[in-house]
Amino acid sequence: MRKIIAATLAAGLVGGLPLAAQATNPQQDLKEFRAYFMERFPDTQFQDFSNGVYSIDAPSRAQWESIEEFPPYELAVDDGREMWNTPFGNGKTYADCFPDGEDGIRQNYPYWNGNTVKTLEQEINECRETNGEKPLGWKKGKIAALSAYLAYQSRGKPIDVKVPNDAALEWYEQGKQHFYSKRGQLNFSCANCHVDSAGMLIRADKLSPALGHVTHFPVFRSKWGELGTLHRRYGGCNKQVRAKPFPAQSDEYRALEYFHTYMSNGIEVNGPGARK
Amino acid sequence: MEKPTPNALTASAMATLLGGMALLASAGASAASMVEEGKQIAEDRRKGNCLACHAMGDGQLPGNIGPPLVAMKARFPDESALRAQIADATQKNPNTMMPPFGRHNVLTDEEIDKITAYVHTL
Chain A
91 MRKIIAATLA AGLVGGLPLA AQATNPQQDL KEFRAYFMER FPDTQFQDFS
141 NGVYSIDAPS RAQWESIEEF PPYELAVDDG REMWNTPFGN GKTYADCFPD
191 GEDGIRQNYP YWNGNTVKTL EQEINECRET NGEKPLGWKK GKIAALSAYL
241 AYQSRGKPID VKVPNDAALE WYEQGKQHFY SKRGQLNFSC ANCHVDSAGM
291 LIRADKLSPA LGHVTHFPVF RSKWGELGTL HRRYGGCNKQ VRAKPFPAQS
341 DEYRALEYFH TYMSNGIEVN GPGARK
Chain B
533 MEKPTPNALT ASAMATLLGG MALLASAGAS AASMVEEGKQ IAEDRRKGNC
583 LACHAMGDGQ LPGNIGPPLV AMKARFPDES ALRAQIADAT QKNPNTMMPP
633 FGRHNVLTDE EIDKITAYVH TL
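As given, the protein sequences belong to chains A and B, one line each in that order. Heads up: the first sequence begins at 91 in this note's numbering, then just goes up one per residue. Heads up: the second sequence begins at 533 in this note's numbering, then just goes up one per residue.
Hints are computed from structural coordinates only; laboratory data are not their basis. Be a bit skeptical, because a hint or two may be false.
Straight-line C-alpha distance at most 30 Å; calculated BS3-like pairs for lysine-lysine [what the hints assert, rightly or not]: (1) A/K313 - B/K624; (2) B/K624 - B/K579; (3) B/K624 - A/K334; (4) A/K247 - A/K232.
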């Protein structure tokens with residue numbers, strides 16, 4: 091793993107290298123990524139990594155489990171269900187865009203559609219626009235509610251993101267570079283905090299492992315007092331290092347989500363989740 | 533050439549001596565305030581925020597990503613090496629977690645001098 095990080099960083103530093111020259115192999119990356127965390131946290135079961143920092147921190151886990159008894163995201167899931175069941179002005183519904191929505195589709199996102207990487211939130215807004223409705227804001231509120239409902243319907247399905255061809259691989263590679271590149275005035279990469287320092291304390295916060303990071307999104311954070319999407323969280327983590335966040339659903343964040351979610355392949359969806 | 537009187541000699545010698553002592557005394561005072569200011573800047577969350585990662589002096593709720601900052605004089609007999617570590621930790625370890633406080637202008641040169649003075653006392 092360390093070798094990979096160093097190699098990726100070096101590649102990032104040289105910059106402009108043709109992507110093919112880096113010979114990225116997602117399956118190999120995934121194997122090493124998993125192995126790193128399984129070795130580092132031998133007491134944590136593979137599936138349990140979906141519980142973020144609570145998978146590695148017994149004291150905070152007890153507190154979190156008591157929160158989950160009266161889940162703070164329940165109302166949002168209800169709102170999302172109502173959106174799902176309410177026809178648009180033209181009489182159609184979200185089910186016309188997502189025929190398998192109620193059976194669970196979250197695990198397949200993001201995916202390569204032959205042209206670009208698509209996220210669930212992106213397709214929710216596209217569905218609205220196709221049906222003559224205004225798009226929703228990306229980071230919270232209604233879009234997070236519907237996304238939470240769809241995640242809820244997908245609970246228990248293992249994440250299954252695919253990188254089917256070279257064009258998709260370029261997006262994967264871009265996301266991977268984002269993940270391992272240092273950025274911001276404070277000069278941290280995502281991997282610095284969530285791979286190298288996972289389980290350690292940054293001040294009083296224990297850093298979660300990146301394995302299983304995405305399975306419970308959108309998430310209800312006590313700090314936000316509401317639900318937020320994965321791209322909202324990305325923006326927050328970029329800001330912490332005094333880097334300018336990218337816009338939600340930008341190419342950068344969709345590529346990051348693509349790589350980041352691929353790294354959790356095989357872990358079951360358990361969204362929406364609750365966190366500090 | 534006029535020989536100075538013994539009295540004058542003594543007076544000028546005294547003056548030099550007193551002057552030197554005054555200099556020494558003021559250096560002592562400013563070193564103490566440097567250490568004190570350095571401690572404040574090091575602990576300030578918007579400045580050094582060293583406690584995010586290091587146990588440091590009597591600072592509360594430290595993180596543990598970096599090693600505790602103890603026995604610094606033994607580890608850094610040369611204060612300039614300590615300063616270099618704070619100004620740009622990536623010189624020693626390109627993938628270090630520690631922010632390059634000087635190179636990325638998180639802190640000014642003067643602030644780094646003060647933090648160095650403080651950390652060297654630990």
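Kindly indicate which numbered hints from before are broken by the structure, ordering the numbers from low to high. 1
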